[in-house]
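Participant: Residue numbers (our numbering), protein chains in the order written: chain U, 1 to 305; chain Y, 306 to 549.
If you are wondering where the hints come from, they were derived from the structure by calculation, not from laboratory data. Heads up, a few of these hints could be off.
[Claimed, not checked] In silico DSS-like links for lysine-lysine, alpha-carbon gap of 25 Å or less: (1) Y:K545 with U:K68; (2) Y:K545 with U:K57; (3) U:K228 with U:K57; (4) U:K154 with Y:K317; (5) U:K68 with Y:K400; (6) Y:K544 with U:K54; (7) Y:K398 with U:K54; (8) U:K68 with U:K154; (9) U:K154 with U:K27; (10) U:K133 with Y:K317; (11) Y:K515 with U:K68.
Only a predicted model underlies this, so the values are computations on that prediction, with no experimental measurement involved.
Here's the letter readout for the chains.
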Amino acid sequence: MNAIEIRHLFKQYPRILAVDDVSLDIKEGEIFALLGHNGAGKTTLIKILSCLLKQTKGEVTIFGTNIKENQIHLKAQFNISPQETAVAPNLTVFENLELIARLYGADADTAKVKANELLMRFSLMERANDRAKTLSGGMQRKLSLAMALISEPKLIYLDEPTLGLDPEARRELWNQIMILKRQTTILLTTHYLEEADYLADTIAIMKQGRLVAMGTSHELKTKYFSKKAVIVQSHGIHDELIKELTKQYENISVDGNEITIKQDNLDYNDLLLIFMKHHVIIDSITNKEATLDDVYLAINRGEVK
Amino acid sequence: MNSLHIASRNSKELLRDPLTYLLAILVPILLMILFIAINNNAGVNKIHMFQVEILTPGIIVFAFSFIMMFLGMLLTRDRRTSFLNRLFAAPIKAKDFILGYFFPFFILAMLQMGAIYIVAIIAGLPITINLLMTLIPLILIAIFSIATGILFGSILTEGQMGGVGSVFITVTQLFSGAWMDLHMIGGFLEKVAYALPFSHAIDAARLAIKGDYSNMVPDLLWVFGYTIIVVILSILAFKKNMLK
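Assemble the whole structure, with the sequences as input and the hints as a guide.
Facilitator: As structure tokens, this is what we get:
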């Protein structure tokens, strides 16, 4: 069953078409990552899905309910962790959790139990009575995610959940998100491609409000970036060599002592002969598999359609 | 119930900020004590505006202007940090949000009024039934100040709110006749002052203290009209924030 179904969704601001004819399905229990530059439309899309913005045109259903109908009932089924940490600064860590639990209908005792459970799970117990504003950025992000989980939602929107975190804190938060996999549907937006690669079942790339690519990480790499890359390192690279390589191969780039050639079925003998002809000694040759970065950059540079 | 949870959170935010006590309660009381002391030391040439029954309503209305700024600042900060978006995404009705922001500030306004009345009574304001009648214009102007805070907090940025809040406090001070006789200023400034609700609220409360209830009605209508308009605008602006 699909958790979310979006059909021909548009959001028009006075000067910008922020969401441009987006249609997609998100399956129940999957982690769905939305990638895209700033202003690509990711946050606008999440705001529409969380009933914070009205769409200009198009239909959205969440667990079978149209988002234009019975929003109070719909909102009880999801929770969000916005791009900013979105905590109440003068409330304690415990009070922040308790507040959200109460707002989602928990009674006083249940709210306390749930808050304590999440404090344990997110290793925040020692800071339970500290005001949220005294926490580090990483801890505030953890608290923000814990606040999104306290209502035990069927669906969570995470808008750039690890923005600005150091690698260790990011890895810790990833682990928390992975624990939710299959139990909860998660829609996350991110700038970090390795985050999407690591966490998501399905990845969608947005550009200027449009959905330009969608699939699993493997599907995207094979579909949008089939060419393999060969990286040749040498200290003797000179203009004549580059000129000849450019004639022979369509897609080459030079960066200092490194030449990258993107071509399928590249004949290594031909390549070595060119280097020998120009008396250039090769230090190393490596094959590079396509990464999500390659796909993302290629799509955003318009190299693939 | 949800409005109580939001009100509880907002009360904590308010009470845990030392500026609340300093600006909203201490400054008006210190001003009141200062003016009363000046009047007491004036010998036979007492200053009419600093008489306790004239001064008290003015100080109360001035104190309420801080409420508008505090509420506006809290709301703009909640918008900037997306805390409000987190709340808006929760299954809560608009009226619960508005009441959740209204209640703590209304209680603060009543505490301000109570504290100022205690100082006034100590300074010689007679305790009569007339004091109860002052609650009508003063509660109306308190609601006006709270609604103005919700209105500006819903449409301005945090930076803009600081500036607008300061202007609001200055306007209340200058154009309310709290401790300056507006008839002596006269001319255009007097007309501006009487086009705004503050001076009417103060005049109505002063008339109530004198027991002159029948003459309160025109002033009350001014304050009531302003309050109704700003309450409606603040609800519309807040609801627009909830679903853009």
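Participant: Work down the list of hints and note, for each, if the structure agrees.
Facilitator: Verification of the hints:
With a C-alpha separation of about 16 Å, the suggested pairing of K545 (chain Y) with K68 (chain U) holds against the 25 Å cut-off. Using a Cα cut-off of 25 Å, the hinted pair K545 (chain Y) and K57 (chain U) holds, with the two alpha carbons roughly 19 Å apart. Proximity of K228 (chain U) to K57 (chain U) is assessed by CA-CA distance (about 41 Å); at most 25 Å being required, the pair is judged violated. A hinted pair counts as satisfied when its Cα atoms are at most 25 Å apart, and K154 (chain U) with K317 (chain Y) does not qualify at roughly 31 Å.
This hinted pair checks out: K68 (chain U) and K400 (chain Y) have alpha carbons roughly 19 Å apart, not beyond 25 Å. The straight-line distance between the Cα atoms of K544 (chain Y) and K54 (chain U) is roughly 13 Å, inside the 25 Å bound, and the hint therefore holds. Between K398 (chain Y) and K54 (chain U) the alpha-carbon distance is near 17 Å, which keeps this suggested pair within the 25 Å criterion. At most 25 Å may separate the alpha-carbon atoms for a hinted pair to count; K68 (chain U) and K154 (chain U) meet this at roughly 19 Å.
Straight-line distance between C-alpha atoms of K154 (chain U) and K27 (chain U) comes to about 12 Å, which keeps the hinted pair within the 25 Å bound. For the hint linking K133 (chain U) to K317 (chain Y), the alpha-carbon distance of about 14 Å falls within 25 Å, and the restraint holds. Pair hint K515 (chain Y) plus K68 (chain U) does not hold up; C-alpha atoms about 56 Å apart against a cutoff of 25 Å.
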